[in-house]
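Join these two chains into a complex; the hints should help.
Just so you know, the sequences run in chain order A and B. Residue 1 is where the first sequence starts when you use the working numbering, and the numbers rise one by one after that. Residue 1001 is where the second sequence starts when you use the working numbering, and the numbers rise one by one after that.
Just the calculated beta-carbon pair ranges, DEER-fashion: (1) Asp1279/B - Pro54/A: 23 to 33 Å; (2) Glu1173/B - Ala256/A: 36 to 46 Å; (3) Gly123/A - Gly1064/B: 26 to 36 Å.
The set of hints was computed from the structure by calculation and includes no laboratory data. C-beta atoms are modelled at their ideal positions from N, C-alpha and C, and glycine is treated no differently.
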Amino acid sequence: MNALKVKAYDLRQDVLDIIVSGGGGHIGGDMSSMEIMLTLYSRMNVSPENQNDPDRDRFVLSKGHCVETLYAVLADKGFLDVEEVKAQFSKFGSAYIGHPHNTLPGIEMNSGSLGHGLSVCVGMALAGKMDRRNYRVYTLMGDGELAEGSVWEGAMAAGHYKLDNLCAVIDRNHLQISGNTEDVMAHHDLHARFAAFDWHVIDVADGNDVDQLNAAFDEAEQTKGKPTLIIANTVKGKGASIMENKASWHHHLPNAEEYAAISRELKERKEALLHE
Amino acid sequence: MNKIANRAVMCEVLKEAAAKDKDVVVLCSDSRGSASLTSFADTYPDQFVEVGIAEQNLVSIAAGLASCGKKAYAASPASFITTRSYEQCKVDCAYSGTNVKLIGISGGVSYGALGMTHHSAQDIAAMSAIPGMRVYLPSDRHQTRKLFGDLLKDNQTAYIRLGRNPVEDVYEENNIPFEMNKATVLAEGADVLLVACGEMVKPIQDAAKMLNEQGISTGALDMYCVKPLDKEGLLKAAHGKKQVVTVEEHAPFGGLGSMVAQVISANDPKRVINLALPDSPVITGTSQEVFDYYGLNAAGIVNTVKKALEG
Ligand SMILES: Cc1ncc(C[n+]2csc(CCOP(=O)(O)OP(=O)(O)O)c2C)c(N)n1
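Looking at chain B on its own, in the form it has when it is part of the complex (with noise of 0.2 Å):
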């Protein structure tokens, strides 16, 4: 078992860019433990800007640093980067265009029975309505080395929620296929198509393999990329398929499953089921627990899958 959280590469990732370009710089907000950035603070405090706890200042004070010219990476908690600073996410981020990474770490239930405070069910929702947001929730720890590399050479602004636990491998060390914006096919398959978006990846990755092996042809689809969701990619996978079914750690609304089922809907109509977070306050648990009593796990998605197949 992988024992790197995405979130401690993502803090390699930006050690390494900050070597090379001053204009790198990280902001916390009593974050820094939390966000795995601590070392990134002791070695380059000169790039490092600490706000205290303060969110919503956080993220206007990183735009007014990418305004200047500094590529600002500004890591908090996800409820609270996305929900607590959602108007300076809009306003002084997107709409202003400045470039901006807000990263949202320990996202959806990572906190476990810290309780809906803690919790985002919600950001992918908020981020994706925004005009100009760009959402991503990489995989595993490899496609996280990916999509950091890429995002430090663009100049615009994007969310990226990380969990808070390593999460097993997708991908393999020296097999990582990834395009920017492009969602990765995890298996092909001829009836069935799952699609997922971070830490739900490794579930679908293993339900197709079981539902494979039990004869239900099963693709998969790693759509790290939510928005611009990768329509053409969604469309091809899903081309002749009986059903598809989405798996997030989300609530059920306005998250992968609605994205996903408005392009299908629109292009290529066929059943689309959705297995998220429920809409109310989650049941105290860690992660895992919390997965498993919501079906979202391998063995859920497969009962999912099959009980749909029959209906």
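The shape of chain A in the complex, shown without the other chains (with noise of 0.2 Å):
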């Protein structure tokens, strides 16, 4: 038994509570994502103490509408307090808005709009290099966000300066607002595009497991001369069975019986953890 993988289902309640408490949110990306945040989380040199210092490491939430698991997480970390964020997620006047503001302690870049986040990590990567200074830059993208052209010029400048301090996520839980991302704009091979653009590539075969997870950052930190990409195969809405898998619960705002039945199961799958 892991301990993030049991806080993993506790911070999905805190995003459950996040989303319904603010009247809105990206439910199903939020949930595919928890454990890739709250893994890299876990092993990335930043915390509350040293958010300023030159040397941390940074993360950009490229697909910024799932910010509700970036905020259970940076609670988590100490940078939030997540009984305010429920409080005021959304509300009037609210620091807590629906996408990554980094007016916020622990988030460095603001999102919302896709295509962003691999190039502003260039310009981080590159600058490390610039300074010779040994953190690492990682990023967060969804796999329609993959359409965004920019997302292959930033491929592109990441494979040409060989950044071995970048590693790129894609939560690739195959859906996005529309329906099944191959219907929608196909990705075939992803694996095979990003190591034409010479990246190292790695599969993650349950990208909502947290060893796995774990084995392909160590795998990331030790490959140099070029940037990292980890596919991870994730679970859209994964948490519970209603939500899962479903192209409709991308941004829907579950009801009372809905909320009671994803909170039921979140504590049901933890509690076979603890067993486990």
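Structure below.
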């Protein structure tokens, strides 16, 4: 049993509470990316104590609509107060808006418009090389997001500059707003596509598994002379059967009954992990 | 209260047109749901192109289709189709003279708490600065229907901004005065002229009523055609007034207020006051909360007018 695996279910409940309290949010992508962000923040050299240290690791949430999970993970790391986020999310005058905003502690860059994060991270990684600093730079993108041409401009630059201090993760949940990514705009062999841009590519069979993700991040750290892409095969809406693998849950707001059902299942899955 | 959003009316009009004309094509960028165009995509799959989350691609593909004779309607959130795809709008649509209708959905602050990435408060300024680009912000569902009916008949590019939520009717079902590129007079008055576009038209209509009831003779103009601005209509309506107040869901620079002030100052100088969003990210909240906070509602407009008349 791994404490992080259990925590992922506690934080899913936080995400659900944040969304329901704020009256909206991107629940499907939040749930699919929980283990990715949680695992990353368990390894990254960043904390409330060193958040202004030029040597800290950096993370940019390129698929900014999944900010609710970022809030839950940042709160767990001590950057934010989760009860405050729940009380204020999306409310009038609130600092906790529906996308990352860097007036809040722990958030490096504003996002929400898809297709910016990777290029921003190329800049951060280049700066690290210029200044001979050892920090690492991470970004998380959606698979639907990859239709933005800017992603491929960033990918080309990262390969060109051999940015081995850069690691991008794709939340490969196969869904976007309008349906399956392969129907909307097909990616086919993503592994081959990024490899052709001079990236080291790692496929994670279960991107909701902390151990598999940790192994991939280890491999990324050891990879020299190339940026690393982790294709994390996840389940959109992971955590409760009513929302799993359903495009319509991209930004569905659970009603009271759905809220209860999701909470119940999150608890059951957590219990099952505790007894493993 | 009306429950039909302007974007839903747009879908109806485009479906009616597509039934008769196979050259009418709609393009979306993972935005068919947000644009209320899902039923178009389902009904006319052969006249629908999905490009994925790729707004620059969306606009250029639309321009390519249009250059081959299609009547291309590209719909994506207003923030993305304008500023993300700005060069494509400028070069492939306006400069190359293609018949692409650029539909910006959930314009202004419709997306509320999603923040500045999703707000389009620069679109009027940006799009108006492009030679050959027309800019329309219909005020209600009835005017939206009329506007799209006329747009379907012409063959030049245009940008049309629509809001997300249903808005109260400005016009009555069987009385919808509409002339292409002519502002609509909502109220006549001797002392003050209110000018607005899009979702701010209803508030000036209400404000004009309140002011007239309070003895301040006020006219109101629906300038849905921000570009080409109806100069003649504006100057006629402004003639003899003490002051002009413009109201828009846009940044304070380069929008309706700037354009109205330009025309008034050059031809019939008088005080022009611009009510708009601030030059900063707007406060978190729903559209209505944001409007109320910045005085972009009937009461706020009435206050502004009264204060200005005193001062
Ligand atoms: C440039 C841009 N275009 C459109 C959107 C609207 N939008 C928000 S989320 C989303 C779908 C994202 O799908 P994907 O990248 O697969 O994310 P996930 O399924 O993991 O939530 C879209 C189109 C946006 N935020 N930015």
